[in-house]
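Peer 1: What follows is the residue order along each chain.
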Amino acid sequence: MKETQTPILSIENLTIRFGGLVAVNDVSFDILPSELFGLIGPNGAGKTTCFNMITGVYRPTAGEIRFQGSSIIGLRPSLIAARGIARTFQNIRLFGALSVLENVIVGGFLRRKTTLFESMTLLPSAIKETSQFASAAMALLEMFDLADLADTRSADLPYGKQRRLEIARAMATSPRLLLLDEPAAGMNPQESEELMRDIKRLRDEFGQTILLIEHDMKVVMGVCEKIVVLDYGAEIAQGPPEKIRNDPKVIEAYLGEPV
Amino acid sequence: MLATLSFEGLAQQFIYGIQLGAIYALIALGYTMVYGVLKLINFAHGDVYMVGAYLAYYTCSVWLAGVAVEPHLMLVIMLLVSMCGCALLGLLIERIAYRPLRSAPRISVLITAIGVSLFIEYAGKLFFQTSPQPSIKESVNVFKDQIHLGRLEIAQSALIVLITTVVLMCLLWYFVTRTAMGRAMRAVSHDFNTAALMGISVDKVITITFLIGSALAGAGGMMQATSVGTPLSTFYGLMPGVKAFVAAVLGGIGNIPGAVTGAMIMAMAETAVKAFGYSNYTDAVAFIILIGILLLRPGGLFGAVTEKV
Amino acid sequence: MPLEAAALTHQRFSSGKFWLVRIVSIALLVGIACLFQFAAVPHMGIYDKRLLISAMTFASLAVSLNLINGVTGQFSMGHAGFYMIGAYTGAKLTTTFYDRHLMPDYAWLLAVICGGAVMSAFAGFIVGLPSLRLRGDYLAIVTLGFGEILRVVVNNQDGGDKSLFGLNLGGSYALDMPRGSRISELAYIFVFLVITIAICRNLLKTAHGLAFLSIREDETAAEATGINTTKFKVTAFVIGAALAGIAGVLMAHYNGSVTPNDYTMDVSFLLVTMVVMGGTGSITGAALAGISLKLLEESLRSVPDIPAVNLWAAVVVAILFAAVLKRGGLGRVLNAPALAVVRIVIAELTLLLIAYMVFKLWHTQMSIVFKVAASLVFLGCAAAFHARDNVRKALPTFGYLVTCVAVVLLISIPLASAFHKLPLLQKLIGDTTYKATDVRWAFFATALVITMLVRSQGLFGHHEFSWSFLGRSFGKRSETVEASA
Amino acid sequence: MKMTRITSLWISAVFGLMILGCGCGGGSKDGSSNEGTGGGTALKGRELPTEPGNSAEGDTIKIGMIASLNGEQQPWGVDSQKGGQLAVDEFNAAGGVNGKKVELIVEDTNSKPEQSKTATEKLVGEDKVLAVVGEVSSGNTLPAAKVCQEVGVPIVAVGATRIDVTQQGGAVFRACFTDDFQGAAMAKFAYEDLKLRNVAMLTDKKLPYSTGLSDVFRKAFESMGGKIVDEEFYESGNIDFKPQLSNIKSKNPDGLFCSGYFTEVGPIARQKEAVGLNVPMFGGDGWDSTQLLSSGGSGIIGGYFANHYHNSEKRPEVQEFVKNFQAKYGAPPATAMGALAYDATKIVLEALKRVKEYNSKELLTEIANTKGFHGVSGTFDIGPDGNAQKPILVLQVQKNGFVPVKQIPFFVFQK
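Line by line, the protein sequences give chains A, B, C and D. Quick note on the working numbering: the first sequence kicks off at 1 and runs consecutively. Quick note on the working numbering: the second sequence kicks off at 260 and runs consecutively. Quick note on the working numbering: the third sequence kicks off at 569 and runs consecutively. Quick note on the working numbering: the fourth sequence kicks off at 1054 and runs consecutively.
These are calculated hints, taken from the structure and not from any lab test. Just so you know, not all the hints are guaranteed correct.
A partial selection of chain C residues facing chain B, derived with a Cβ cut-off under 8 Å [to be verified]:
{"id": "1", "residue": "V844"}
{"id": "2", "residue": "W880"}
{"id": "3", "residue": "V884"}
{"id": "4", "residue": "M1020"}
For glycine and all other residues, C-beta sits at the position ideal for the given N, C-alpha and C.
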């Protein structure tokens, strides 16, 4: 059954050069709907650059990115987000001065139907829509255990909660594909345990497709169903966790010497 | 309505352009160096230039007015006083206004810079003579005679300004590329935090940068005021400052040769506008160039754009 | 929380009730404006009217600039340019087409306002475009340049052969509007100010406002969340410019002439100062700063020269005082629990002093506008002092500030007379006096720098004015003291 | 949806441009008769104000004065304040009028039109002055004149030489000559006395005064048969004029007319030498400051300019004024604005002696009736157009100061 499914995101021969440096070289992989896909590799392997190309921050030098069958190369990030790809950032990027609730409402903003004029004149439709966004956001916050902090300034949250809020904000755009850039970075084991559970739950309860960059091998191996390994911009391995775990090339890339 | 220009006319205008460009370059260097290390547009830089001009005026007309000094020596003294005074002022500005804001958002720093600029302009009015506005006496400028090159005329002072500028720039170039402090400066401008981690005393580098940049602006102020002999006011540096900033952006801000090139281009463009009979739009031209360059090539002519997510 | 408030409003009013409320509030606004126009204005002198007009115009300009600078985080320093475009468009239209018999004045004004708003909005669109590629200081200098280009161009449009398209805007002299075309009224500007504030406030109450705010907070993240930052940045410029343009039209039709010298860089700087001082993103902050800075500027216009000695004494004392405060010793002493009574006495005495000054002010010959403004400031001081009666625990920030100023002034008076007696100083300074205008600007500049050093978000920060906010903000000191204790 | 909004924005912008386009088309149609003035305010006759203005109560009569005590025009503004105060002090020392003393209330305009308007409104609305004296520059006088005309308080401008200022209405007068006369007189002087035929002009585009003066000069000079070979521009505050001067040089003029203020004329003179343009310079009363000598260097020597009077004139009014000014302020007036403000204030004070009731309306009529006024800047009448009809004194710049060379009697220049 799974083999016949069309991939939600398919990446073909993706390459990007910055001047003389080839940051990502000829990477290809497919992500199927509801898959938990991992992208790993040592520092500077080009993982975040891949994310930036998928979300439209960088334009690839060569290669193709197809999302739900159509190319998304050259689209601006907001349009890609509107198509259904949401992301989090390696170094957390929250709207610091806004409250936790407001952060998530911004995520829901994509679904707006009212015009700016309605908002400027505060017509009932605008009020209604805003309150709908607010209640949808509250629901999401509850799911991520942040409901009691709804009124806190997001910059005042502790680190782990900021990470969760960022995921909640990304989820608020109701994405078809969620990109998580090192969600467990800087978390203690207990926190990353919780995070793993949340990520799994997203997949199991909502059928959320997730592409994830992670350093913490425990997290990656624990949650991902399929993994791509990058090293110096090139793809060195691809497959289920068990296969990756025993791949000599991966071990070499991580440990720096052949086993 | 284009004024008809002969070849001599054009060559003559070209010379005026270079002279103006030399002054812009001196100011632009300060902008570009400070931006390089601090990523801060030091709005007060034009006002430092103004103070340089005033110091030159006070040196020759007030402090040394009664002393019989050989005229050439007087010019050297004026230059040194302006440079030292401005270096000191730059140091003070950095110490009082910018250092406490090292980690503040950039907009706050920008506003602070505007505040400092306004402060120098208006507080300067309390100390400097503004009414009637002073101007440097003609007798101070011993290089006012002309050199005739065919039908072209070059004022000796223009030549002196150019030579001094080139010498100062060569010194700067040597300093930045050949000395340890210069290397540290480049390191800081490349990556502030890493440089700090590598054991470079960032504060010291910034201090030196402000020192040199301000001294150059002071030299520019002294030379412009002496050769043109214009009445001084505390707003004397406003427009040159803005134009020099545009020059720095044009050449790619943070880039020293770029600043010089940018200054020359700016001055040429301005002179060309005047030469073609549209002198009433001169001040607009600087900004039109700026907007054009920022839209087409935000990094400037020699700069590169890098953006990290 | 504004959003919760919005949600609550939604629950409270069904749409039928909503329209009722909306109509009533508009009627109330028009009613107040009419009352104002027909009951108060006839008793006002032209100077009182001028003060109100200037203050309200600058308040609305500051609020509209706040939408660009504070809310969307795009640093624009060319707001005088938009103001100018509106003024000139309106003035030119009226000069060319105005005919008393064609249509009633208010209809004509409305038409001209539309013209001015469209032209300014268009300029805002053009200026907004660079903001797509530029950030922070680059954008600042480009917008500054835009204002200057505009001034130079208008300056040269005198219908001569050096003007573009042979346009005649009166050149550097003025575009002198025909007599009888001064059709703008105080009430119009009042209504316009309310509308400007309402538009910005409405925006911030809805999700649209959050989109603007998110761009200020983090552009990359906003874009990744699906917000077309380009569109919103340009929109902010367009709305802000259109509002500034309307202010320009109204001011031009109140003055009867427009001249490029009234729209120089200084005006843009002043507006930026207002937004920054008031608090980036705070509507009330911008409006209050606009009103108070404009009135302050006006009230200090003809102040006699300040003796240099007095100024220097004050500066020396202030620096020493600040140095002592910075060491922390005095601050701790001032806030020691044991000194609660002393603090209360000092605070109340300062308050009494201010009250006395306001009382004296009411008995001098001065515009009623200044008197009212001063009284309001007094009320603000009183409220701040008594906010959450924290004087007992620690001096509130504001009280701290006022007390510091009072102490500095008190010490500097004897010092000034001592200075007078020093022979060296006598020789250096002598009887020099300083121009009040220069001193005022120098103080403005210092205040700007200090504001940035101490409170980089401006006085109100990102908050709106509310009494509870006032208490929280001024009483903040006590919380930190409690926390450290 | 998004597209439509942007499109509609464009459409409305184009529409707006069209409106403006129509506007300038229409404007140039009816504006052709009065080029250089703003829009359609060409007044044929001077309307008298309908409002009654203020009236004096008690023993003091308040006269207001607006002056640029700060900003770009500070040198002139400060002098005008001193001159006005001197006139009032002398008047009060001589016993005032009818047992009443005059109080001069001075408001600063910061050299800005907007603040000039505010200052005038304060004087008229708050201080209830009977008349206003002031502003040295045309640009700052216009808004003040508008206010005064509206409320019916007479205003006597000090140095506003631009023609359209008094066309605001019957309440506006001035103590100085107009650019109309000044420009024509200098054209006449250049053509007849200096025998110049090909003249180049340098105009300060930022100054209404300079553009107005250049306009008249051009017309007058061309009507006499002279030729304007080139007109170049700058803005006050500029410091580099060599490109413009070099352009002028290539046209081989035999004279250079600089209509700007001395602050720029000085450097222009200096750079004129550097460029190798060796022709006489001449200009208007904006040159009048001894600072010209230090900023102009040797280039300015031999230049001519029109002025209202000169400190060294032998007329008793001048001698007495300079003596009293020196006694009160420790130095002779640095610019002609001291004397002009003195005259302007005196016109008001003389009129005060003639009125029966102390109110603005009467005062206005009496100011309009000023005939044979013996001022420092000459003996003159106030004409029906509100302008002072008085001669011009042409001064030459010499090494040690300005020397009067010719007096040109008042005449009316028809364009």
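Peer 1: Next, verify each hint and record whether it holds.
Peer 2: Cross-check of the supplied hints:
Checking V844/C against chain B by beta carbon gives a least distance of about 5 Å; that is within 8 Å, so the hint holds. Interface hint status for W880/C: violated, as the beta-carbon distance to the closest one in chain B is roughly 10 Å, over 8 Å. With a least beta-carbon distance of about 15 Å to chain B, the hint placing V884/C at the interface is violated under the 8 Å criterion. For M1020/C, the interface hint holds, since its Cβ comes within 8 Å of a Cβ in chain B; the closest pair sits about 4 Å apart.
Consistency note: the structure conflicts with the earlier hints numbered 2, 3.
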